[in-house]
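Given the sequences, and given the hints that come with them, work out the whole structure.
Okay, so the sequence shown: first residue is 42 according to our numbering, each after it adds one.
Simulated from the structure, these hints should not be mistaken for lab results. We put the beta carbon where it would ideally sit given N, CA and C, even for glycine. Do not take every clue at face value.
Stated by the list, open to error - Distance ranges between label pairs, derived from CB positions: (1) Glu226 with Asp154: 11 to 21 Å; (2) Glu226 with Asn123: 42 to 52 Å; (3) Glu156 with Pro183: 22 to 32 Å; (4) Asn126 with Asn99: 29 to 39 Å.
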Amino acid sequence: MDIQEVVTPSKENTDIWILKYCPLGDAAPVFVLWYTDTDKESTDKLFTFKTGEIFGTNSLNDLKNIIAQNFNAVNEFENLNNWLNDFGSQDSDEITTYDINKIYNAINVQNFDIEILEGLTNFINLFGDYVYQSDCNKHLMPLVDNKYIRKAWDYYYDYIFWPQFNDKDRFEVWERPPFKVNAVELVQGLQKLIKCFENNMTIIN
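Next up, the structure:
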């Protein structure tokens, strides 16, 4: 399973994506929604309850009905109803997957391959979206700003993402500097990110 598969939504004007989040510990996958809001800043957000907790469910097939049954408890956003009405046309093969077990287990044994660092960075960014989408979450920012988490994030963009984006052919033959970090501290920082993210999720089935 790929850590993350970049996909496009079925309707270009909805800007809503289904994420498949595989929790730490081989628990059942959780499906959540990620969307770009229609506010002035076009803020990227996770679909949440009015309590601020992330909406999740283990059932992809019942996702539409579960949202409908809990509609009064969730933070409705523009285009949600249109997306739900079009839900039958969603392609279940085109879902962004965050395999947290794979990321964590690799980091734990100091496997810093491109795929792993990309997956780690994608998760950091997802966590960051949750932090920034509400002032109520700003107290979680120190977890994202952890020195070792930030070091991994910076390394990925400085030595993988941008070099590959700017010159793919050159990147393929480039011997980039090794990623050096206090692995124990990085694992501990990642553990806190994962625990916080999963503790801020309410799963409805």
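Against the structure, the hints:
1. Glu226 with Asp154: 11 to 21 Å: 20 Å, holds
2. Glu226 with Asn123: 42 to 52 Å: 45 Å, holds
3. Glu156 with Pro183: 22 to 32 Å: 28 Å, holds
4. Asn126 with Asn99: 29 to 39 Å: 23 Å, violated
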